[in-house]
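**Student:** Sequence:
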Amino acid sequence: MAAFWSGTGNGTWSVSFDGESVALVQEVEEVEAVLARIGAEYGQLSQAERARVKLVRVSRPGDAEYVSARELERRLVGAYGFLGDAVALSIDGQVKMYFKDRGEATAFLDKLKTSYMIESNCEAAIVETLELVQMTAPRAEVIDREGAWRLYKSRTKDDLEHEIKNGDTLWDIAVKYGLSVEQLLKANPGVKPDSVLALGSKLVISKQEPLLTVVTTAEITETRTIPFQVKVERDRKLPMGQRKVVEPGQPGREEVTFKVIRQNGRLVERERIAAVQVEPPKTQVEVRGAMLMVASRQGSGQLAWPVRGSISSGFGVRYGRMHTGIDITSSSGTPIAAAESGRVISAGWGGAYGRMVDIDHGGGVVTRYAHMSRIAVSVGQEVNRGELIGYVGSTGNSSGPHLHFEVIVNGSQLNPINYL
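The numbering of the sequence shown is my numbering, which starts it at 1269 and goes up by one.
Keep in mind that the hints were calculated from the coordinates and are not lab data.
There could be a bad hint or two in this list.
Below 25 Å or equal to it, Euclidean Cα-Cα: the simulated PhoX-like pairs (lysine-lysine) are [to be verified]: (1) K1444 to K1379; (2) K1421 to K1444; (3) K1460 to K1444.
Across the chosen pairs, the derived CB separations fall in these ranges [claimed, not checked]: (4) S1599 to I1529: 36 to 44 Å; (5) V1524 to V1449: 52 to 60 Å; (6) V1324 to G1346: 35 to 43 Å; (7) I1529 to N1434: 23 to 31 Å; (8) D1378 to S1284: 29 to 37 Å; (9) G1435 to R1511: 52 to 60 Å; (10) R1342 to D1412: 22 to 30 Å.
Think of the CB as a built atom: it goes at the ideal place given N, C-alpha and C, for glycine as much as any other residue.
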């Protein structure tokens, strides 16, 4: 390193910059060390830049004081113009950016908040503790609002996400990515341990720590359709299977208000806070046939077969006892359909019948379905002809999978064959 002064050792040395004295020091080596640090910090000094600093041995004036190496460095950096006035942005106690002035810093923060205001009329706030501090800073690091925005975007990476597929659970997803369920939930504030994972939705797997966190709060109002209800009236003069709409239904409308909270644009909470009915729904009134014609011995064809299969045991006396229905063999789990439209009046355990369902078709006619493996309807439910009501099984007093089917007219069990 070439020196632009002669002499070494201790004494009193005047350090000048462009011919103007800036300090008194005792050691030449101290000045060389300071210049080396400045070169390392702000870029290697050229010979011309080093030549701007001169050292001359002088007699120490009586009232003059020597400066420390740190103070000499501060003065020379200022003389070179490497430092300038700036406004530092402190985030949670740590300086992260230097701005030209307070206005540029404020403009950047306003732009940041606005960029995450997805809903109209929302409020935005920055979570971290911010402080704007006036200080000197390296001129090369002082930026304006656009430079700060580019810096922020470069440090804000997209999160790694997992798209929910059929069968996915929080446990499976956590194991796949080497996380705990707790870590997965922390990265997804809107998800709870018992949440239902919707197909196609996404979970954050690797969450990048943002430089700043903007939380927006908004209230949004959506217009939603209110489905109409159906009131069913039974008409014993109308044959079963027929249906008439007496008064058509009309959907209603309501305005629902939600409180929406987002964190850096990601939805973390959506709470329903109010609902106003704009137009009430109009109930639809239907008349359904309840008349079941009394069958001849050859059968009238009024009832549908509840399940496909062969008859293993018919109606009548069997082994000295009355068999009150017919047994239709079928494999376990075969769907059972309602023989006609009606209302479920019984659905549950029936002793020797096992799991059974009774359907009232009106006009004193009831059909019974017994020995089910599983019931698919509930008491009070309206069912249509051919609608699923359960599955073939072998519950109760049964020797194997089959459906025991009965037709009960005015309380008496009659031969189902006459109605099929």
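**Student:** Range first: 29 to 37 Å. Now tell me if the beta carbons of D1378 and S1284 are that far apart.
**Tutor:** violated (46 Å)
**Student:** Measuring from beta carbon to beta carbon, are G1435 and R1511 in 52 to 60 Å?
**Tutor:** violated (40 Å)
**Student:** Hey, K1421 versus K1444, does the alpha-carbon distance stay inside 25 Å?
**Tutor:** violated (30 Å)
**Student:** Go ahead and decide if the range 23 to 31 Å is satisfied by the Cβ distance of I1529 to N1434.
**Tutor:** holds (30 Å)
**Student:** Compare the distance between the alpha carbons of K1444 and K1379 with 25 Å, and conclude whether the hinted pair is satisfied.
**Tutor:** Not satisfied, since the Cα-Cα distance of roughly 38 Å exceeds 25 Å.
**Student:** Is the hinted range of 52 to 60 Å satisfied by the C-beta distance from V1524 to V1449?
**Tutor:** violated (32 Å)
**Student:** Holds or violated: are the alpha carbons of K1460 and K1444 at most 25 Å from each other?
**Tutor:** holds (19 Å)
**Student:** A range of 22 to 30 Å was offered for this pair. Does it hold for the Cβ distance of R1342 and D1412?
**Tutor:** Because 26 Å falls inside the window, the suggested range holds.
**Student:** Does 35 to 43 Å hold as the CB distance between V1324 and G1346, or does it fail?
**Tutor:** Once the Cβ atoms are compared, 21 Å apart, the range 35 to 43 Å for G1346 and V1324 is violated.
**Student:** Range first: 36 to 44 Å. Now tell me if the beta carbons of S1599 and I1529 are that far apart.
**Tutor:** violated (53 Å)
Checked against the numbered hints above, the structure violates hints 1, 2, 4, 5, 6, 8 and 9; every other hint is satisfied.
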